[in-house]
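Chains A and B, in that order, are what the protein sequence lines are.
All the letters of the first sequence, read from the start, carry residue numbers 55 to 260 under our numbering.
All the letters of the second sequence, read from the start, carry residue numbers 1487 to 1954 under our numbering.
One or more hints might be untrue.
[As the list claims (entries may be wrong)] Below 20 Å or equal to it, Euclidean Cα-Cα: the simulated SDA-like pairs (lysine to any residue) are:
id, chain 1, residue 1, chain 2, residue 2
1, A, LYS218, A, ALA246
2, B, LYS1820, B, LYS1766
3, B, LYS1812, A, ARG111
4, A, LYS64, A, ALA124
5, B, LYS1574, A, VAL89
6, A, LYS260, B, LYS1732
7, A, LYS260, B, PHE1785
8, A, LYS233, B, LEU1530
9, B, LYS1878, B, ARG1850
[Said to hold, decoys possible] Derived coverage of chain B by chain A (criterion: at least 3 residues anywhere in the stretch with Cβ under 8 Å from a Cβ of chain A; other residues may be distant):
id, segment
10, 1560 to 1569
11, 1605 to 1616
12, 1896 to 1904
[Said to hold, decoys possible] Among chain B residues calculated to face chain A with C-beta under 8 Å, some are:
id, residue
13, PRO1505
14, ASN1506
15, GLN1508
16, PHE1512
17, GLN1642
18, VAL1676
19, ASN1680
20, ILE1683
21, THR1692
22, THR1779
23, GLN1870
24, LYS1918
The set of hints was computed from the structure by calculation and includes no laboratory data.
Glycine is no exception: its CB is placed at the ideal position from the N, C-alpha and C atoms.
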Amino acid sequence: MSLAQITQVKALALAVPGDDIDTDRIIPARFLRCVTFDGLGEHAFRDERTGPDGKERPHPMNSAQAARIAAAKQGVMVVGFNFGCGSSREHAPQSLWRFGFTAFVGGSFAEIFFGNSTTLGVPCLTLSKVDLAECDAFVRANPDVEVTVDVVQLTVSAGAKTWKADIAASARDGLVKGKWDPIADLLEGADAVAKTAGGLAYVAGK
Amino acid sequence: MAKTLFQKVWEAHTVRKLPNGQTQLFIGTHLIHEVTSPQAFGMLRDLGLKVKYPQRTFATVDHIVPTNELKEPYSDPIAQEMIEALRKNTKDYGIRFFDTTTGTQGIVHMVGPEQGITQPGTTIACGDSHTATHGAFGAIAFGIGTTQVRDVLATQTLALSPLKVRRIEVNGKLAPGVYAKDVILHIIRVLGVNGGIGFAYEYAGTTFDGFSLEERMTVCNMSIEGGARCGYVNPDQKTFDYIKGKPFAPKAADWDAAVARWASFASDAGCRYDDVKVFKAEDIRPTVTWGITPGQAIFIDEKMPALETLNAADRQTAEDAYAHMKLAPNTPIKGTKVDVCFLGSCTNGRISDLREVAKYLKGRKVSPSVKAIVVPGSQLTAIQAVHEGLDKIYIEAGFEWRGAGCSMCLAMNPDKLVGDQLCASSSNRNFKGRQGSQTGRTVLMSPLMVAAAAITGQVTDAREVFKV
Chain A
55 MSLAQITQVK ALALAVPGDD IDTDRIIPAR FLRCVTFDGL GEHAFRDERT
105 GPDGKERPHP MNSAQAARIA AAKQGVMVVG FNFGCGSSRE HAPQSLWRFG
155 FTAFVGGSFA EIFFGNSTTL GVPCLTLSKV DLAECDAFVR ANPDVEVTVD
205 VVQLTVSAGA KTWKADIAAS ARDGLVKGKW DPIADLLEGA DAVAKTAGGL
255 AYVAGK
Chain B
1487 MAKTLFQKVW EAHTVRKLPN GQTQLFIGTH LIHEVTSPQA FGMLRDLGLK
1537 VKYPQRTFAT VDHIVPTNEL KEPYSDPIAQ EMIEALRKNT KDYGIRFFDT
1587 TTGTQGIVHM VGPEQGITQP GTTIACGDSH TATHGAFGAI AFGIGTTQVR
1637 DVLATQTLAL SPLKVRRIEV NGKLAPGVYA KDVILHIIRV LGVNGGIGFA
1687 YEYAGTTFDG FSLEERMTVC NMSIEGGARC GYVNPDQKTF DYIKGKPFAP
1737 KAADWDAAVA RWASFASDAG CRYDDVKVFK AEDIRPTVTW GITPGQAIFI
1787 DEKMPALETL NAADRQTAED AYAHMKLAPN TPIKGTKVDV CFLGSCTNGR
1837 ISDLREVAKY LKGRKVSPSV KAIVVPGSQL TAIQAVHEGL DKIYIEAGFE
1887 WRGAGCSMCL AMNPDKLVGD QLCASSSNRN FKGRQGSQTG RTVLMSPLMV
1937 AAAAITGQVT DAREVFKV
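In isolation and in its complexed conformation, chain A is listed as follows (with noise of 0.2 Å):
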């Protein structure tokens, strides 16, 4: 299987702020009844994004910038801490990259939301929390200014501006080596599994 090394996101950006955002408030559970990950990426954020009477409400996923990012499929989210919350659902990162997120930039990230994002490819890259608030409110009075995720490089910049960034090493080298996905490696170690395997009793039932 071979990968696409993902060294360098560079792209529109959209700032979605406010900490703890869940992934219920990513993606509604009623969206989790289906048997596939189509389709998920109109729904993302969609109770935020439109009130009880159906009517569109003022966020920034209706923004003519969030418009631009899902045409051009490719876009950064700047993101505040902990977000990714909650429940294990990868129809989160599936139905914010659906919709042309390719990268998250924020102060924190809940790990299994960080673990499904990597393993699909997108970035999530950490600022500290002065740099955070400087990127987002760039982000925010900036809109038509690429920003750049270097993966490589560890830094976000936009314009004149750069910020140290930061990812677990793990995940930096999965993404710039173009082993992202962790199965072809997963596969080969098949007689060491059966090792493994074979000194646990209760593997065999006992």
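Add chain B to chain A, keeping to what the hints say.
For chain B alone, coordinates are given in the frame of chain A:
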């Protein structure tokens, strides 16, 4: 060298180091359900892969099951399609399925322990964030995404990095009317909803020593609400007694060896923890959430926080929470009107929960303004409860007695809030929209507090209502 349970289990299941520095970890037990597995089977088919160890994956159906409809086809065609997909996938690949027709179906985190599949010293993964529930048995258990479900099906392994271990010690005896649910809500309140990122939580201390396995499950269940992907309690005699005689427990000839092995996984005296936090049981009172994250919680007799007492980030989330909850800062939550009461879920849908509430519910009536439902977490729990006559107590009091499933914890089935109804809920998440209505409001609490809310029609102190 002295080691933690986490380290010992990790080492026993380490296959090899991967090129990116992660560990290829063997997953001894894989649990699947209808929501997060169909796409994984689709990926397997696309890649032309087989299920490597079909006997180590166990399936049940829980999220979409209607709890008020026992016969198929369900009136909801999507639910029917999802259950059929799981039937086909488990049949095609030779996976054991605890189907609705078997009398053993239930919430996946109840089925594992009930069947004796959940055992100490094992690794357990499931495409569900509440998988840490199984950590109550001294297993390293955690939620995974759907692509990882594919990885486990195809290789029985995952690419993972080890977690740090934080020991959370609670010592002493809980006051009457204070439960395991209050303990975990309190821990999350103090350590924060993201305090556990990067950690496995080891719950310990005399309070946990005294807890039953079901109480330990309630606490471990909500580790993820504190940001910790994994939480566990060291195995002890209570653990072994619970497993003994269960269908998948080791047979008599293997039993003593299994117990010795299980006991050897417990954290060693003098092992090093990355962090330690200590709580006193006597400081914990019945706890309820007031906001839209499980960390936004207070003791029932406290006032909700005034905005000016919060730091900038918490204040923003709190403002959002007050607007959604239609509650006012610096006022008591006690007395808030309740529309719906939900007793159930993988947090608090076990037989001990149903028994404890029934003890106090006898002879009491649900307020006419409240819709109250009780949903046993599994068919085995429901059967046991009926055997003990608990269903009659609930029905007599005015609760609807339902079939097993996730029900109103997450509203992927017909059990949903309507409009801005406020639900007193024994479940685990109070996120906006979680219970099926965009404007619906959730107040998390212990099962007995749910019963007190049902009777009085308001958020209230169960200790006063039931003279506990």
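Here's how the hints hold up against the structure:
no. : hint                  : in the structure
1   : A:LYS218 / A:ALA246   : violated (39 Å)
2   : B:LYS1820 / B:LYS1766 : violated (24 Å)
3   : B:LYS1812 / A:ARG111  : holds (18 Å)
4   : A:LYS64 / A:ALA124    : holds (15 Å)
5   : B:LYS1574 / A:VAL89   : holds (12 Å)
6   : A:LYS260 / B:LYS1732  : holds (13 Å)
7   : A:LYS260 / B:PHE1785  : violated (45 Å)
8   : A:LYS233 / B:LEU1530  : holds (18 Å)
9   : B:LYS1878 / B:ARG1850 : holds (12 Å)
10  : 1560 to 1569          : holds (count 4)
11  : 1605 to 1616          : holds (count 6)
12  : 1896 to 1904          : holds (count 3)
13  : PRO1505               : holds (6 Å)
14  : ASN1506               : holds (4 Å)
15  : GLN1508               : holds (5 Å)
16  : PHE1512               : holds (5 Å)
17  : GLN1642               : holds (6 Å)
18  : VAL1676               : violated (16 Å)
19  : ASN1680               : holds (4 Å)
20  : ILE1683               : holds (6 Å)
21  : THR1692               : violated (29 Å)
22  : THR1779               : holds (5 Å)
23  : GLN1870               : violated (26 Å)
24  : LYS1918               : holds (6 Å)
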